[in-house]
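A.B. asks: Below are the chains, spelled out letter by letter.
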Amino acid sequence: MNLFADAFAWILNPGNWEGRNSIPQFIGEHLWYTVLAMILASAIAIPLGWYIGHTGRGRDIAVAATGAARALPSFGLLFLFVMIGGVANRDSSVMIVLALLAIPPILAGAYAGFEAIDRRVIDAARSMGMTERQIVARVEIPLGLPLLWGGLRNAVLQVVATVVLVGFVRNATLGYPIVQGIQINRFDQMLGASVLIIVLALLLDAIFALLERYATPAGVRAGRNRDHRTSSTRRRAAGGATPASTEKEMSV
Amino acid sequence: MIEFRSIEKLFPDGTRAVDDFSLVIPSHKTTVFVGSSGCGKTTLLRMINRMVDATGGELLIDDENVASIEPVRLRRRIGYVMQNSGLLPHRTVIDNITTVPRLTGVPTKDARARALELMDTVGLDRAMAERYPAQLSGGQQQRVGVARGLAIDPNILLMDEPFGAVDPIVRAELQQELLRLQRELGKTVVFVTHDIDEAFLLGDQVVILEKGARIAQKGTPEEILANPASDFVASFIGADRGKRALSIRDVDGERVVVDGDGNLAGRLTEPGAA
Ligand SMILES: Nc1ncnc2c1ncn2[C@@H]1O[C@H](COP(=O)(O)OP(=O)(O)OP(=O)(O)O)[C@@H](O)[C@H]1O
Ligand SMILES: [Mg+2]
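First to last, the sequence lines map onto chains A and B.
Take 1 as the starting number for the first sequence in the working numbering and just add one per residue.
Take 253 as the starting number for the second sequence in the working numbering and just add one per residue.
Be a bit skeptical, because a hint or two may be false.
Label-pair ranges, simulated between beta-carbon atoms [claimed, not checked]:
1. Pro24(A) <-> Ser389(B): 42 to 50 Å
2. Ser288(B) <-> Arg221(A): 37 to 45 Å
3. Gly56(A) <-> Arg268(B): 39 to 47 Å
4. Ser289(B) <-> Ile198(A): 56 to 64 Å
5. Thr360(B) <-> Ala71(A): 49 to 57 Å
6. Ser289(B) <-> Ala65(A): 37 to 45 Å
7. Ile198(A) <-> Arg378(B): 35 to 43 Å
8. Pro420(B) <-> Leu211(A): 43 to 51 Å
Please keep in mind that the hints were generated in silico from the structure rather than gathered at the bench.
No experiment lies behind these values; they were computed from the predicted model shown.
The beta-carbon is built from N, C-alpha and C at its ideal position, and this holds for glycine as well.
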């Protein structure tokens, strides 16, 4: 199609690869926002999820809250925050919204990872004389890692798609060429940037898929080869947000 | 010596799992708790290492009240072997065995050397040291579980249906290994089972329990078999049927023994004769 040819022409145009407002700059900014939001969300959601998973305390609240948070309209939320926080603080507002979106899947991955562990293993660890801290560090965290990485993977897809919205409040990220393209009717630029976002999302997804696999303890992998009943259903249940939701948000 | 004094356990949901239980468990002997499902065997066992805390009474280990011992410290000096071995799936056999010694600060090298010896002791090929639990058979996993229980050289070894999940042939093999081990090591073993044959085979002292951990009878296997204290015990140990209900039959002047099913069990001879 002509439109796609134009889009790829925009992407490949050497002029768009240097100077201010170039593609590398947009990609860099896009990744910067994504990484920062992920770090912020992880710093909150991972310890909290582990706490919930280890103690079982606050689980119902967490389930309800993450369910509700997933239904949040990111676009509306962003503008609400920017309005409340003022234009001067719009970067903080953006960060908060992005982190809010990333927290539910990470939180779910963290506590589901702990919950999926055979209770008898933890019971045995405790009866051997491990302290609660040792149980968390030496048993629950390593065995819970695969589901946690699954949660991080869902979160990063959510975030990388939502960072597009930054383009509405700042001349930055791959969202900016889209927003600007809408204003000046440049479809090649809009579509080109969208393609780049999709490529970025796919790349991140692949990296996280690898991390997820790498995080599965060797002994557990060994068990999978023998025993095919292992919990793929749980794995799916833990994540929630699927790559499909990325497309939805990209079309904002 | 482990001493239960009027021990009671009332779970928060109102279940009275143990009701006024008193017993002395002698050192260097095997005591077996046997009884049907839900009678409170596991609860009793786990009170010894404070995985369960009694709601009444006192439990003493060598005259020290366990309630005054910090649980983590207590557990690190008591071996515990459970039905599904409870091995850490992400750690190799040798790492599983050395878990507790390393928690208590034994240098890794020493702990590993000792673990390899323990693998010999429980009849595991040293070549399995670097395998993961999922790569072992059920019987092998149980052996690792026993080796792990012995890793800190505890005076007390608690075993909760350790051979419950393996097939009868492997179970018989593991039982013999345990008897041999016990002859060599002389630990204070507290063993839980619902299999009366296993109880009679392994126990120096057998404690038959009814619901609420009430003691139906305790004694050596011989004492219990010779004098069942009640119909419940007689029926539980199967004294009135099968291979325990032996009777003598005269066949052409020779005395043979048949069991409750009428099957030939053997020939009767005077003690001392061949
Ligand atoms: N955490 C708990 N909360 C409430 N009730 C419990 C708890 N643990 C055990 N019980 C109850 O206490 C009773 C004794 O349980 P226990 O596990 O000691 O039995 P058991 O003799 O080991 O049985 P089994 O042979 O099936 O293992 C049972 O009625 C059980 O339901
Ligand atoms: Mg039990």
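A.B. asks: All hints are to be evaluated individually against the structure, with a verdict given for each.
C.D. replies: Consistency of the hints with the structure:
1. With their beta carbons about 57 Å apart, Pro24(A) and Ser389(B) fall outside the hinted range of 42 to 50 Å.
2. Restraint check, Ser288(B) to Arg221(A): a C-beta distance of roughly 40 Å satisfies the suggested window 37 to 45 Å.
3. A hinted range of 39 to 47 Å is violated for the C-beta pair Gly56(A) and Arg268(B), which are about 25 Å apart.
4. As the Cβ distance of Ser289(B) to Ile198(A) is approximately 58 Å, the hint placing it in 56 to 64 Å holds.
5. Distance hint for Thr360(B) and Ala71(A): a CB-CB separation of about 50 Å, consistent with the stated range 49 to 57 Å.
6. Checked against the hint of 37 to 45 Å, the C-beta distance between Ser289(B) and Ala65(A) comes to roughly 40 Å, which is consistent with it.
7. The hint said 35 to 43 Å for the Cβ distance between Ile198(A) and Arg378(B), and at roughly 54 Å that hint is violated.
8. In this structure the supplied range 43 to 51 Å holds for Pro420(B) paired with Leu211(A), their Cβ-Cβ distance being about 45 Å.
Against the hints set out earlier in the document, violations occur for numbers 1, 3, 7.
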